[in-house]
Amino acid sequence: MVLDCHLPAGLIEIGYSVPLWVPLMPGKLPERSEGVALIRRMAGRDRHAFSDFYDRYAPLAFGLIRRIVGNEAEAEDVLQEVFWQVWQEAGRYDIRRGSPEAWLLNRARSRAIDKLRSIRRTGETFVAPVDERTAQQPAGTAANPGALAEDRDILRTALALLPDSQRQVIELAFLGGLTHSEIARRLDQPLGTIKTRIRAGLERLRSHFRPSGGATS
Amino acid sequence: MSHEPYLELAASYALGALEGDERSRFEAHLREGCRECEVVVSECGETLAALAADLPPVTPPARLKAALMTRIGAETRPSRALDWRSPWWAPWRLTLAGALAVAAVAVLYLSWQVTTLDRELARRSGELADLRAKVAEQQQLLAVLRAPDTRVAALGGLKPSPAAHGRMWWNREAGGLFVAAGLPAAPGGKTYQLWAIAGGKPVSAGIFAVDAGGGATLPVKPLPSIGNVEVFAVTLEPAGGLPQPSGEMYLAGKVL
Numbered sequence: 003m004v005l006d007c008h009l010p011a012g013l014i015e016i017g018y019s020v021p022l023w024v025p026l027m028p029g030k031l032p033e034r035s036e037g038v039a040l041i042r043r044m045a046g047r048d049r050h051a052f053s054d055f056y057d058r059y060a061p062l063a064f065g066l067i068r069r070i071v072g073n074e075a076e077a078e079d080v081l082q083e084v085f086w087q088v089w090q091e092a093g094r095y096d097i098r099r100g101s102p103e104a105w106l107l108n109r110a111r112s113r114a115i116d117k118l119r120s121i122r123r124t125g126e127t128f129v130a131p132v133d134e135r136t137a138q139q140p141a142g143t144a145a146n147p148g149a150l151a152e153d154r155d156i157l158r159t160a161l162a163l164l165p166d167s168q169r170q171v172i173e174l175a176f177l178g179g180l181t182h183s184e185i186a187r188r189l190d191q192p193l194g195t196i197k198t199r200i201r202a203g204l205e206r207l208r209s210h211f212r213p214s215g216g217a218t219s
Numbered sequence: 304m305s306h307e308p309y310l311e312l313a314a315s316y317a318l319g320a321l322e323g324d325e326r327s328r329f330e331a332h333l334r335e336g337c338r339e340c341e342v343v344v345s346e347c348g349e350t351l352a353a354l355a356a357d358l359p360p361v362t363p364p365a366r367l368k369a370a371l372m373t374r375i376g377a378e379t380r381p382s383r384a385l386d387w388r389s390p391w392w393a394p395w396r397l398t399l400a401g402a403l404a405v406a407a408v409a410v411l412y413l414s415w416q417v418t419t420l421d422r423e424l425a426r427r428s429g430e431l432a433d434l435r436a437k438v439a440e441q442q443q444l445l446a447v448l449r450a451p452d453t454r455v456a457a458l459g460g461l462k463p464s465p466a467a468h469g470r471m472w473w474n475r476e477a478g479g480l481f482v483a484a485g486l487p488a489a490p491g492g493k494t495y496q497l498w499a500i501a502g503g504k505p506v507s508a509g510i511f512a513v514d515a516g517g518g519a520t521l522p523v524k525p526l527p528s529i530g531n532v533e534v535f536a537v538t539l540e541p542a543g544g545l546p547q548p549s550g551e552m553y554l555a556g557k558v559l
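For the record, the sequence lines run as chains A and B. Its first residue numbered 3, the first sequence is counted upward by one per residue in the numbering used here. Its first residue numbered 304, the second sequence is counted upward by one per residue in the numbering used here.
Don't read these hints as lab results, they were simulated from the structure. There could be a bad hint or two in this list.
Once the Cα atoms are required to be at most 16 Å apart in a straight line, the calculated EDC-like pairs of lysine to aspartate or glutamate come out as [as the list claims (entries may be wrong)]:
1. B/368 with A/190
2. B/368 with A/36
3. B/368 with A/79
Selected chain B positions facing chain A (Cβ under 10 Å, derived; list incomplete) [said to hold, decoys possible]:
4. 352
5. 370
6. 522
Where is the CB? At the ideal position from N, CA and C, for every residue including glycine.
My request is simple: use the sequences and hints to build the entire structure.
Here's what the structure looks like:
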């Protein structure tokens with residue numbers, strides 16, 4: 003399977019019959035199918051399954067949410083909201099559209115970014131300092147004030163493999179919840195450049211997480 | 304339209320970095336069923352999830368899980384009894400199935416009972432009607448026998464059956480009772496007919512059959528069209544009887 007975020011359209015037509023999440027982390031496959039089984043049981047209103055699912059995934063989700071929201075109390079609210087949604091919507095989970103991790107963590111990230119944006123809108127955080135600091139530090143910067151202390155964590159992740167220019171845009175979007183145009187404004191770069199860097203950065207991450215994939219940038 | 308402009312956006316869409324028109328256009332493109340872009344978005348979603356999972360996990364405070372479990376328990380408990388998503392072996396389903404089975408058996412049993420009782424009731428009302436008729440007959444006979452002006456006629460056997468004899472209790476107002484013995488069985492298509500004769504004119508008092516022993520009993524209603532009966536006689540007539548006697552006479556006797 004040679005699909006990725008960066009290949010020209012022509013190459014993308016080569017087979018996508020393999021379940022999407024299978025090639026990503028071959029070593030974790032059994033755990034993933036356990037995750038799927040837990041979601042199915044949750045859809046059948048099995049509270050023990052929810053308990054197990056929570057024990058297995060809540061620390062991952064909470065690490066992510068806290069990193070994005072940067073505020074312990076708000077992060078707790080988001081985590082509860084996310085897991086309540088998971089319980090409510092387990093019946094709609096479709097394995098063809100993503101792994102249990104993607105189902106949960108992308109939801110968690112999305113809710114956390116919503117929370118972060120609403121915090122910014124109500125002016126409860128130091129918007130201006132963040133903007134300035136991020137703009138002044140071209141690489142390896144955090145998207146929100148609470149995140150700075152954990153930059154070493156970021157550098158231990160796959161993000162550290164990226165060139166600074168790519169890491170910066172992906173971090174701003176991934177953890178800072180910034181849009182294309184916000185990133186472009188903040189970094190004072192053309193919109194097209196931002197799009198290209200995002201795409202290239204994700205592409206490289208993808209081939210890192212799925213070493214069997216063919217493409218690198 | 305080429306996919307390239309959309310593919311350019313897929314990674315950003317997965318990141319949630321698209322906004323406004325660009326986002327709407329991309330979502331419309333996905334809704335149109337573009338499998339390629341869907342796959343790319345999904346792949347990017349997996350990459351981002353892996354990136355998220357790469358962050359150091361943080362164990363959330365235990366009270367969060369406790370609160371969620373309470374909330375879930377409150378949601379599921381009230382509806383548990385009749386939750387249609389529960390498996391077939393759920394206790395409430397088994398209980399309901401059992402109750403339905405019992406009810407079905409009860410309905411079958413009761414409808415069988417109703418049918419049986421219906422038949423029994425019809426049989427009994429038939430019996431009751433018979434008994435009523437018999438009681439009315441007996442009452443009429445009693446009235447005949449009790450009345451002081453009831454008279455008796457002794458009928459003797461004539462030529463076709465000399466051994467036969469009969470007796471008639473007759474009351475003008477109440478009617479009468481005729482009994483006979485020793486009569487031969489009526490041949491096929493024939494019947495015995497009792498006649499009341501007054502002033503030489505016979506009037507039919509009814510037809511009757513004889514039992515295996517040659518005996519017969521015939522209650523007779525009052526005959527308003529006739530005056531003082533002088534003679535009672537029995538003839539053999541075609542089945543159903545005739546208005547006037549035509550056949551041979553078997554019994555006859557004067558009213559005393």
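Hint check results:
1. Under the criterion of a C-alpha separation no larger than 16 Å, the hint pairing residue 368 of chain B with residue 190 of chain A is inconsistent with the structure, at around 43 Å.
2. Our distance criterion of 16 Å between C-alpha atoms is broken by residue 368 of chain B and residue 36 of chain A, whose separation comes to about 20 Å.
3. Straight-line distance between C-alpha atoms of residue 368 of chain B and residue 79 of chain A comes to about 12 Å, which keeps the hinted pair within the 16 Å bound.
4. Against a cut-off of 10 Å between C-beta atoms, the interface hint on residue 352 of chain B holds, since the closest Cβ of chain A lies about 4 Å away.
5. For residue 370 of chain B, the interface hint holds, since its Cβ comes within 10 Å of a Cβ in chain A; the closest pair sits about 7 Å apart.
6. A hinted interface residue such as residue 522 of chain B counts as satisfied when its beta carbon comes closer than 10 Å to some beta carbon of chain A; here the least separation is about 83 Å, so the hint is violated.
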